[in-house]
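Chemist: Using the sequences provided together with the hints, build the complete structure.
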Amino acid sequence: MSDLESFRNDVRDWLEANCPDSMRKPMKSEKDICWGGKRFEFSSDDQKAWLERMAEKGWTCPSWPKEYGGGGLSKDEAQILKEEMERIKARPPLISFGIWMLGPALLKYGSEEQKCHYLPQITRGEIRWAQGYSEPGAGSDLAALRTKGDDKGDHWIVNGQKVWTSYADECDWIFALVRTEPDAPKHLGISFLLIDMEWDGVSTKPIKLISGKSPFCETFFDDVKVPKENIVHQPGRGWDVAKYLLSHERANIAGGGSGAQMNPVAAAHKSGEVDENGRVADPILRGDIARLTIDALAFETTLQRIKDQADGGQGVGAKASMLKYYGTELNKRRHELNMSALGSDGLLWEGENPEDGDPARGWLRSRANSIEGGTSEIQLNILAKRVLELPGG
Amino acid sequence: MSDLESFRNDVRDWLEANCPDSMRKPMKSEKDICWGGKRFEFSSDDQKAWLERMAEKGWTCPSWPKEYGGGGLSKDEAQILKEEMERIKARPPLISFGIWMLGPALLKYGSEEQKCHYLPQITRGEIRWAQGYSEPGAGSDLAALRTKGDDKGDHWIVNGQKVWTSYADECDWIFALVRTEPDAPKHLGISFLLIDMEWDGVSTKPIKLISGKSPFCETFFDDVKVPKENIVHQPGRGWDVAKYLLSHERANIAGGGSGAQMNPVAAAHKSGEVDENGRVADPILRGDIARLTIDALAFETTLQRIKDQADGGQGVGAKASMLKYYGTELNKRRHELNMSALGSDGLLWEGENPEDGDPARGWLRSRANSIEGGTSEIQLNILAKRVLELPGG
Amino acid sequence: MSYILSEEEQMLRDSAQAFLAEKSPVSELRRLRDEGCKDGFRHAIWKDMADMGWNGIVIPEEFGGVDMGFTAAGLILQEMGRTLAATPFLASSVLCATALRYGGTDGQKSEHLPKIASGEKVYALAVDEKARHDASHIETRARKDGNGFRLSGQKRHVVCGNGADMLIVAARMDDDSIGLFLVDPEASGVERTLRRSVDSHAPANIQFDDVKLDGDALLSETEDGSALLDLVLDSGRACLAAEQLGIAEEAFSRTLDYIKEREQFGQKIGSFQSLQHRAAHLLTEVEMTQSLVIKALRQLDEAPSQAPLWIAAAKAKATRVSRLSSAEAIQMHGGVGMTDEYEIGFFYKRAQAAGEFLGDDAWGAGRVAQLSGY
Amino acid sequence: MSYILSEEEQMLRDSAQAFLAEKSPVSELRRLRDEGCKDGFRHAIWKDMADMGWNGIVIPEEFGGVDMGFTAAGLILQEMGRTLAATPFLASSVLCATALRYGGTDGQKSEHLPKIASGEKVYALAVDEKARHDASHIETRARKDGNGFRLSGQKRHVVCGNGADMLIVAARMDDDSIGLFLVDPEASGVERTLRRSVDSHAPANIQFDDVKLDGDALLSETEDGSALLDLVLDSGRACLAAEQLGIAEEAFSRTLDYIKEREQFGQKIGSFQSLQHRAAHLLTEVEMTQSLVIKALRQLDEAPSQAPLWIAAAKAKATRVSRLSSAEAIQMHGGVGMTDEYEIGFFYKRAQAAGEFLGDDAWGAGRVAQLSGY
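Residue numbers (the numbering used here), protein chains in the order written: chain B, 2 to 394; chain P, 2 to 394; chain E, 272 to 645; chain X, 272 to 645.
Just so you know, these hints were derived from the structure itself, not from any lab. Here the structure is a predicted model, which is why all the values come from computation and not from measurement. All C-beta atoms, glycine included, are put in the ideal place defined by N, C-alpha and C. Fair warning: there could be bad hints in the mix.
Claimed, not checked - Restricting the straight-line Cα-Cα distance to at most 30 Å, the calculated cross-link-like pairs of lysine-lysine (DSS-like) are:
#1 Lys531/E with Lys187/B
#2 Lys401/X with Lys309/X
#3 Lys309/X with Lys294/X
#4 Lys149/B with Lys229/B
#5 Lys209/B with Lys294/E
#6 Lys415/E with Lys244/P
#7 Lys539/X with Lys244/P
#8 Lys149/P with Lys309/X
#9 Lys531/E with Lys149/B
#10 Lys209/P with Lys309/X
#11 Lys76/B with Lys308/B
#12 Lys531/X with Lys187/P
#13 Lys244/B with Lys187/B
#14 Lys415/E with Lys483/E
What the hints assert, rightly or not - Some residues of chain X that are not near chain E, with every Cβ distance over 12 Å (derived):
#15 Thr464
#16 Ser542
#17 Leu546
As the list claims (entries may be wrong) - Listed next, with one range per pair, are the computed distances between beta-carbon atoms:
#18 Arg301/E with Ser204/B: 20 to 28 Å
#19 Gly313/B with Asn278/P: 49 to 57 Å
#20 Asn278/P with Ser381/E: 44 to 52 Å
#21 His270/P with Lys392/X: 56 to 64 Å
#22 Gly324/X with Ile34/P: 51 to 59 Å
#23 Glu410/E with Gln315/B: 54 to 62 Å
Modeler: In structure tokens form, the structure reads like this:
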């Protein structure tokens, strides 16, 4: 038996013994997600046990080095773990911005001390991280950031405001871009700082969206004292860290999206807008849905193909922008057609059932897809410059 | 009876007496158009007589002043003449670039001598004019013109090349933009010159298009001597004349277009792609055609509405760009759907009948609509700047 | 037929603009929403509108109206689109007034039209039974019962249905023809369910369970109830298209202001060519919509037999363009466009609801194909 | 299933690229056109292709082929799309070879497949009878007549039909089932009419007037001729989608080169943001098309029962994107893009013809809906 085959057997046995039955069922709602963090309330003992067991193996972050709390798995081993978890439909034990955004950035840019301190907290789900990039007046244009840190020798005094800080009201720490070098050129004056949200002067407030309640917040810094050792990478080079991290975010927004499972044909069935053969009754709407299906198949296949290429050693690079652009525009169209298929049923905003209004809220929420994580326009700019190498405008 | 009513009666009587029966039938082909010019061959005696009688009344250019060969009609009278001609389906006695492009420009910018000399020739169809604007390398960007006129005291020596000079191989004279002030800023170095195509050094050659034979030519100037009196407006101010003239061209391209009568539904009938109820058989294609119909109705109505507004004293102004943009994009879509409705029948390029291939050639020709007379991109730029007053980029 | 507004029409539009800007700006819709208003409109404003004469805009003078026609009604709705005014105007003063005017007996007109014109009562039309508008699908039954009728069935998404004082209900009669019936929503057997909608209006689903109606509940001036219903719906579609036009215009105009002000990368974002071209395209689409809307309204006033094609085209185009304009508005506003605090999202929401009511763009395309015989 | 090309596949593509660049660049298509070639392809190049082993790409080795599968065939056609090579490859080596391979008896395979593989004979498939592709509409009749058949009917737009040495004709049999028949185009009662098409290919309309066929003209290895025809058409659609992809790629790549070079208003036109965004959008659409095409081809090779949905999607998407890419190419080239002298127009023309053959994007959308059960 090859090493990998025997590894697979070990994994299979371990999962069989350690993954609780209730953690092998599909997640039904937001509260089945394990986000971790100091204030997180587990929805069940199984959820807690599953996290602890996986964290002990380092398998919440399978490919991170063991010394930082990861699993130390090779790429092939990590793939096997993923396949075996999928086989038994195991839920992810932990989902967090720490894992898919901050962690990779720390591994690349963090100091040895930072890695030893922060990464294990992430793998064990002890600290939940928020992201502090955007500001009012600086959405796509991060170079226009105004949150500033005044240099006080061994610390900075940070003042300013961040927006779109997802779940910041439930998070413990925030990684934030702060202008620390006022005299440097715009892109070079920004630092990447790690800030405890319990420190004096940090406050946060949820933002209500057109789709209703949202995980987004505004976060305010009012004379917050941040020690110099809390910087990642060098002063003024926060932009490098941010870009690296954003490329991870983009791939994520494009691929997932709450809408991927949502289906206008199912909507037509639900609202009774089908003919006696079960076909979407309005032939023009049917044609629109079919064209959407074609583009959705194309997108789904492209995700797989780019993954294949990545596995084959080709970098994803600026293709993340392609996926972000196409995936989010597609998702908006999908939601629009879903609303059309629901007709007046889709217009419901509130009713007796908690899920009443979900289609409308999902549809409205989808409009943000092409804004957050870099607007569609920014993605097209990136593609034009970096992939097509078109001349500067 | 009011003056206008009695004018209408007179017009009606005169037309009845003077418009030959054969000139009251719809034009069947290109050769039924009377272009005029020295080398023009009338397709019938009626065609010739009809031109001569109308020219004598000045009604080839009804609203031009009488002293320049026009009809001297007021706006209301011109409208009555138009209505009465439409009533009996009278063909236009004369169609020419002279009438709808050069004439208006001369009336506005020409000297008294030029008006007296050139305008009557236009109204009588004696001289046929070509347009010399575009050059290879200077399509949308007229400021990049390179055809130059060297100042030799009482004349210029013109050298260079023009493209897209419609019908230049059948024309007698050409109005051309020529760079005469090499040291002036780009827009201010260009003059508007009138050139006899029989002069030494002028030669012309047809351009073959993707749609086949075309009226377009390349025209070459090789040491052509142009007297100073042949300039319209001041030296270096040809740009003003050109802009004025282009706005007339735009309105024309947008409104007309060979495709306006062409109809995808008729195409589906012709190719047999209809169901037993006479509906377009493919429901998705039917939906696409219906959406086209809606946009076509919108465009048609907008033409009428803008005409109403113009009659009411509101200027058309930059709205011509809107019509040009929308009309030509619409026409391209119409041709695309026409081809889809024809299916493989539409692919025919040549056959035993002279009209075989017409749909394909018309479809290909339509691609030029959004390029000639200022590209769609140029129109959008104009709308953004002049109508929306968006800041410079 | 003139595409130019008459002086009288222009004055009407100006006064509508002034009135709505003061009494019913977008913030008023937000207030209605936040207060959880169950009627979906403000009675005081509705009364003020009646005082302006608007509520009787398509009602003959002898019944208390000003009889200015559908173009005038459309102009008011266009301005309502610009401020997102939520009122019973479309339901009561257009749809139901048209039904009564063209379908009511003298007695019915005398009784009901003055109440609409004075704003004393709010009327609503109950037609749809499917989720997507389809006026041919009517299964609600009005069975003959002595001199009167017994009404049973279900209506969905009755616009202004929750706050209405009187309903006009389309139902199938014993011979399968269509009849329009005046029904008191408080009558026994009528049950209304408020369906708060995404645009913060208050439509209702309404159940009719063997509701007893008098003989004179039937609008019986015309034999052909189906033609009457078509005319009523078309009047609503043309006027609603005008409201959608107003939505498209205002969303566009706010976006234009925004991109002229907002800076990014050291430039006004309105100076970026890709946004400029999209804005210029929108300008053109709004202009095209405007042409179809005025054409449809004028046809309805001056040549109603020709109107259906133009109305279907106008409703389809206005649906598409109002959605495009408000969607582009959110995108060009970026993050703030997504916040509830900003008003632009209200336009996108109303565009969706107005689009779905009385037929969206796919519906309109289908109808254009059908009316054109292909 | 891998989306990555194997080493063997990559080599095949490289050699196709090199061969076509040398032997069949776009200028070769222009020459064929200007010479008025009635077969629509150059026999010498066709022979060279046979020597490379391409003509038998989906033919088993025992019948003279190299049996590399549909993905390999698609890769060759993708490169043909890039140079607009006009050859009998799709008609003969894909459509007819597939028909014979999966529908022919051993005897039929032994007789015909080697001729296709060697390029000795050119085969063409005659299916369509309507102007828009509709494989369910077959009225051509093959009536039993002794041991043989009598064939009557009309076929439209038989691709490569004018230059073919042998036809495979879809016809309805006495029990209304579908049969595919080998028919000699020189036989009595067959009349071909050349229909020079916009892409400078040479399809034909073909009339069959009581044509006498032997019993072994029928491809009779399988009972279900309809399923056989579906498979044959799907093989053609998937491979044609690959050609369309090549068209889209090449038109885009030429446009990109052009806008990087061409100056206007003192700038490279490729620096204008509106063109940049359109180019970036095109890049994305081409990438999406590429994914569907490779998926469809692989499915056909590895999981044919799953393939039809992916093939319909690929054909529809490739139709749309190849037309978009070549139309944008003309627009961005401006005036020169309209001249016959420039090659870019040839791409637009071929995109139209390839799109119409075997089903365009509206067809594909309809089929996707049908296969998905909605």
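Chemist: With reference to the structure, classify each hint as holding or not holding.
Modeler: Each hint, compared with the structure:
no.: 1; hint: Lys531/E with Lys187/B; in the structure: holds (23 Å)
no.: 2; hint: Lys401/X with Lys309/X; in the structure: holds (23 Å)
no.: 3; hint: Lys309/X with Lys294/X; in the structure: holds (19 Å)
no.: 4; hint: Lys149/B with Lys229/B; in the structure: holds (14 Å)
no.: 5; hint: Lys209/B with Lys294/E; in the structure: holds (26 Å)
no.: 6; hint: Lys415/E with Lys244/P; in the structure: violated (73 Å)
no.: 7; hint: Lys539/X with Lys244/P; in the structure: holds (24 Å)
no.: 8; hint: Lys149/P with Lys309/X; in the structure: violated (48 Å)
no.: 9; hint: Lys531/E with Lys149/B; in the structure: holds (27 Å)
no.: 10; hint: Lys209/P with Lys309/X; in the structure: holds (23 Å)
no.: 11; hint: Lys76/B with Lys308/B; in the structure: holds (13 Å)
no.: 12; hint: Lys531/X with Lys187/P; in the structure: holds (23 Å)
no.: 13; hint: Lys244/B with Lys187/B; in the structure: holds (15 Å)
no.: 14; hint: Lys415/E with Lys483/E; in the structure: holds (10 Å)
no.: 15; hint: Thr464; in the structure: holds (30 Å)
no.: 16; hint: Ser542; in the structure: violated (10 Å)
no.: 17; hint: Leu546; in the structure: violated (8 Å)
no.: 18; hint: Arg301/E with Ser204/B: 20 to 28 Å; in the structure: holds (26 Å)
no.: 19; hint: Gly313/B with Asn278/P: 49 to 57 Å; in the structure: holds (54 Å)
no.: 20; hint: Asn278/P with Ser381/E: 44 to 52 Å; in the structure: holds (45 Å)
no.: 21; hint: His270/P with Lys392/X: 56 to 64 Å; in the structure: violated (39 Å)
no.: 22; hint: Gly324/X with Ile34/P: 51 to 59 Å; in the structure: holds (57 Å)
no.: 23; hint: Glu410/E with Gln315/B: 54 to 62 Å; in the structure: holds (59 Å)
The structure fails hints 6, 8, 16, 17, 21 (numbered hints given earlier, in ascending order).
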